[in-house]
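So the protein lines, in turn, are chains A and B. Count along the first sequence from 1, add 11, and you get the number used in this note's numbering. Once you know that position 9 of the second sequence is -4 in this note's numbering, the rest is easy, because the numbers rise by one and skip nothing.
Since the hints were made in silico from the structure, they are not lab data. Please note: incorrect hints may appear among the correct ones.
[Unchecked claim] Chain A regions said to be covered by chain B (calculated; three or more residues, Cβ under 8 Å):
| no. | stretch |
| --- | --- |
| 1 | 107 to 113 |
| 2 | 160 to 167 |
[What the hints assert, rightly or not] Which chain B residues stay away from chain A? Per the calculated CB distances, all over 12 Å, these:
| no. | residue |
| --- | --- |
| 3 | Asn(-6) |
| 4 | Gly5 |
| 5 | Pro575 |
| 6 | Thr706 |
[As the list claims (entries may be wrong)] Within a straight-line C-alpha distance of at most 27 Å, the following computed DSSO-like cross-link-like pairs (lysine-lysine) qualify:
| no. | chain 1 | residue 1 | chain 2 | residue 2 |
| --- | --- | --- | --- | --- |
| 7 | B | Lys611 | B | Lys601 |
| 8 | A | Lys116 | B | Lys312 |
| 9 | B | Lys135 | B | Lys464 |
| 10 | B | Lys601 | B | Lys64 |
| 11 | B | Lys187 | B | Lys236 |
| 12 | A | Lys158 | A | Lys209 |
| 13 | A | Lys158 | B | Lys57 |
| 14 | B | Lys705 | B | Lys648 |
| 15 | B | Lys534 | B | Lys558 |
| 16 | A | Lys218 | A | Lys116 |
| 17 | B | Lys740 | B | Lys432 |
| 18 | A | Lys158 | B | Lys64 |
| 19 | A | Lys116 | B | Lys728 |
| 20 | B | Lys57 | A | Lys249 |
| 21 | B | Lys587 | B | Lys601 |
| 22 | B | Lys340 | B | Lys327 |
| 23 | A | Lys218 | A | Lys149 |
| 24 | A | Lys119 | B | Lys57 |
| 25 | B | Lys57 | A | Lys149 |
| 26 | B | Lys311 | B | Lys740 |
| 27 | B | Lys64 | A | Lys249 |
| 28 | A | Lys175 | A | Lys138 |
| 29 | A | Lys116 | A | Lys172 |
| 30 | B | Lys404 | B | Lys777 |
It should be emphasised that the depicted structure is a prediction, and the values quoted were computed from it without experimental measurement. Glycine included, C-beta positions come from ideal geometry on N, C-alpha and C.
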Amino acid sequence: MKNQSNSAENGTQSSNGGLVPKWINLSLIVQDVSFFGLGLIGALIVGWAVFPAILYSKQPQPINFNHALHLDSEVVDGIEGDTPEEKCQSCHSFREDGSFAGIPKLEKCTECHDDPESPLGETPEEKAFLVDYVGHEKEVPWLVYSKQPDCVYFSHIAHVKMGKMACAACHGNFAGNEKLPLYVENRLTGYSINIWGKNISGLYLNKTYADRMKMDDCAQCHTEKGQEQNNACFVCHK
Amino acid sequence: MKITRRNFIASVVGGVAGIQVTPLPWKLTDDVAIWTQNWPWVPVPSTGAVTEENTVCNLCPGGCGISVRKIDERAVKIEGRTDYPINPGGICPVGMGGLQLLYDDDMRFPGPMKRVGARGEGEFVNITWGEAYDILAGRITTLRKAGKPEAIAAVDGNVAGTTTSLLIERFMQAVGSPNYIKPASIIDTYETGNLLMLGKSNPMAYDLENADYVLSFGAGLLEGWGAPGRVMNAWGMWHDANPAKRKTKVVQIESRASNTASKADFWVAPRPGTDGALALGIVHVLIKKGRIDGRFVNGFTYGFNDLTSTEGQNQPGFKTIVLKKYSPAQVERITGVDAKTIIALADAFSKAKAPVAIYGKGKNNLNGSLYEFMAVQSLNAVAGRINRPGGVLLPSSLPLSPLPDFEPDEVAANGLKKPRIDGAGTPAYPFAQSLINHFADAINKSAKSPVDTLLVFSANPFFTVPDGGGFKNALEKIPFIVSFSPYRDETANMADLILPDHNYLEKMEDNVWPVGLQYPLYGLSRPVVEPINNTQNVGDVVISLSKAVGDETGSAFPWENFEEALQVRAKGLFDAGGGLVRYDSSNPAWKFKAFGNGQKPSYSSFDEMWEAMKSGGMWYRPVKLATSWQGLFETPSGKFEFVSQKLQQVISENSRQTSEKAALDQMGIRVAGVEALMGHYEAPKLGVDRSKYPLFMVPYEMINLSGGWIPTPPFLYKTIFAGQLLKNESFAAMNPATAAKYKLHQGDRAVVKSPLGQLQVRVDLFEGAMPGRVYMPLGFGHTAYDEYQKGKGVNPNNIVKALNDPVSGYPLWWNTPVKLIKV
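Isolated chain A (complex conformation) (with noise of 0.2 Å):
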């Protein structure tokens, strides 16, 4: 009971050992501290971890496409082109009134792969294209990396043909792989993380433009590439 007396005039006498002025409760900073401290772990970890897994889906592509394979010209002949660009083209086309037709429609794929009896190949996945889309006559529901919101308007020609642009500038490399990469999709939003960026932070260093598909990463570009005028809104939100 002495000990907690307290009085201001006895600056020295403390239940604290001395250390501190004894009218400081260490033993209640600490807990403030530590649980404050659990606290803000917690909300670290909720907001850097658990929140970015529970806001993305992952969802694979209905069909496992091989890019590398079909373009390896030692096994599938009819991809037209010399450079990469054109063998982008020779399936994601433009139009006769340069719209650009996107990802290829069924008659793309069938022009080989016509016969759902007889598979070109010996992968699982190609008997399951046969089986369920050629044979049904089913379009494939892809799903896509680069959908932008409608607010936005995109000109593929503008940027492929006349600003000579590499595909994979933008989409990345996609010719290399042997798998469609995982479509990870906000819930919230319905667009791909392949928009918004993989990382989580949204801040970028050192990024490519392959890494996210931004307003501000499309007008960093324009600037970079001279190209300031393309800046103004309505270029882009008619």
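Following the hints, position chain B against chain A.
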């Protein structure tokens, strides 16, 4: 350490501080904002390959060329084609909304169906096409075996002369029933009038584009008359922004200030039903002032001057009667139009270089009056406007090959000998081919319906026949009703069996001579999308049905499918030669060129022509005037007949049994002698106590509301004004003076009551409405289709009390005596 309240709060504070330096709150806010942009009801245009498919719109007999834009397989927009002769890039609102008729699931039948539940509830269950054919063919065969094929009746709303219509008529003949009925439209009035005055039922051809003075007797030029795409383009030409180029004056004659009247150069408002008197009043002035085309009248007409009959009696001519009975003062008394105005109209008409008097009633969906039309044609004749640029042209019909003849079998032949239920073609109505209002009447008046099975094609008579609900009642009495409609319309909801047609964008169909066009045009529409539902082209269905009924009927249809039948008829176009299958808007087909417009057909075989027609949708020949009036008319006199000898023959024949008075009475004619044989005005005998029903109800049509069998695309309801439809109540327009008599104000509710029924409306005060009349729009009051149409407003047809038009027998639907009761 214990978890005390303090410790807990400390950890929460730590959590909150920590969460700020994680992406969670920042990214979550951003993502939630994006989430709100993607809610499912926000419309998003689809992406995909863009294609444009050209075809011809078949929603009305106008036949405008349309271009349908598709994204992948989905049609997304309809626009008018610039490379089609009749509508240089233009299209009417109903045509633009056509995609809603294609894709509205609630409004369409998914496939063949049969009724379950009570009649009229619209409860159906899906069946297969095989079952549907079995049920219907079975029923028809049973009737034929019992020797009663005439108990089958068909209502066919397809335009006369189209292949679909011919096949349906042929089916009825092969089966053995004379009861093939078409709802009456203005085309019937034109055909009968032309038959009497010109000797042949030519297509009505008004050379609007070349006229410089258009005197429109009731034709709703901006309400959808004729081919709307064509008329609106002509209107644009007439009202060029550059006043120097504007050479045409338009005078609209109707009792209400419609859009057409409001935008015309002059609006003249005679009492409804008196247009004929006005026309003859103008003729009177022209004759008096000697401003008639003497060469035409004296050389190529019959009945203008007095005649001495074979018995030596003096028979007055058209001129004598007009001079005696249609002076401006007399016409003023009849019509309410100032004598001064009548004289001014006559002056303007005669001074114009290329005037034309056109006749119509609103949109043409309903018939006009025969004598009124004859009076207006007489005006054209007197001024020498027949076969002249800008006037009434007399082109021959399209040179389509007829379908090959066939012999009905014995059962059918016997059935065809029986009298028609509607009395068309009998002495009372000698020129009528169908009388739908009398058909319904006959069924209602019999104890047991003479019709066992009713087939309904492209028509919705429950809603559209102006007979005070007569057809509605008749439907209740008919034991078996089959609808071929793609839409869940009122008549289809009363049916027992549905064999749904394709929507117009899903089928191939022909469009034979758009109404009022002055050059031959055959339109061919083709499917622009794959059929969405399990439907079949009604032409194919008729062919299949005939084969299902039996070999005898099937042999009358020696074609695999409907396209073959179309080709059989189109062969005549190829054989006739001179037809063009592509159009360039810099060379309009109505621009008269003395030596032809230099275009030659671009095909050398029928197959080439047919393929070109399928992709272009047209076969046409530019406008051509006959070189002279000689040989142009096929009347008994070989001339234009002001006084119709054909009509005279018919009346004489009828009089032989009884007396002339009795014959005239039977045909509903209230004048005698020569006046009964020419265009004239006669006051209808209302047969109603006018003190009880002191007002008249006049239905009217609008371009942005469909009053016919085609449903109104829901988009168009957004174009209706609040003074026409408010929530679920439609308005009746009346002059403020009329409303004041009943102490009615704008928006008040009132009941419009005729001897046949009553409807509740809201009052719209409109100074453009003639006093003493109540104007109600046609197209509201549906009880079927989908949520956008059902239960909105009232249908004036339900209270129309129509007298019979003399001679033609069609309903006089524009003068129903009514009274107003304030609610």
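Here is what the structure says about each hint:
no., hint, result
1, 107 to 113, "holds (count 4)"
2, 160 to 167, "holds (count 3)"
3, Asn(-6), "violated, 4 Å"
4, Gly5, "violated, 3 Å"
5, Pro575, "holds, 30 Å"
6, Thr706, "holds, 27 Å"
7, B/Lys611 x B/Lys601, "holds, 25 Å"
8, A/Lys116 x B/Lys312, "violated, 77 Å"
9, B/Lys135 x B/Lys464, "holds, 18 Å"
10, B/Lys601 x B/Lys64, "holds, 21 Å"
11, B/Lys187 x B/Lys236, "violated, 31 Å"
12, A/Lys158 x A/Lys209, "holds, 15 Å"
13, A/Lys158 x B/Lys57, "holds, 22 Å"
14, B/Lys705 x B/Lys648, "violated, 54 Å"
15, B/Lys534 x B/Lys558, "holds, 24 Å"
16, A/Lys218 x A/Lys116, "violated, 32 Å"
17, B/Lys740 x B/Lys432, "holds, 23 Å"
18, A/Lys158 x B/Lys64, "holds, 25 Å"
19, A/Lys116 x B/Lys728, "violated, 71 Å"
20, B/Lys57 x A/Lys249, "holds, 21 Å"
21, B/Lys587 x B/Lys601, "holds, 19 Å"
22, B/Lys340 x B/Lys327, "holds, 22 Å"
23, A/Lys218 x A/Lys149, "violated, 39 Å"
24, A/Lys119 x B/Lys57, "holds, 21 Å"
25, B/Lys57 x A/Lys149, "holds, 20 Å"
26, B/Lys311 x B/Lys740, "violated, 39 Å"
27, B/Lys64 x A/Lys249, "holds, 20 Å"
28, A/Lys175 x A/Lys138, "violated, 37 Å"
29, A/Lys116 x A/Lys172, "holds, 22 Å"
30, B/Lys404 x B/Lys777, "violated, 42 Å"
Violation of the numbered hints given earlier is confined to hints 3, 4, 8, 11, 14, 16, 19, 23, 26, 28 and 30; the remaining hints are satisfied by the structure.
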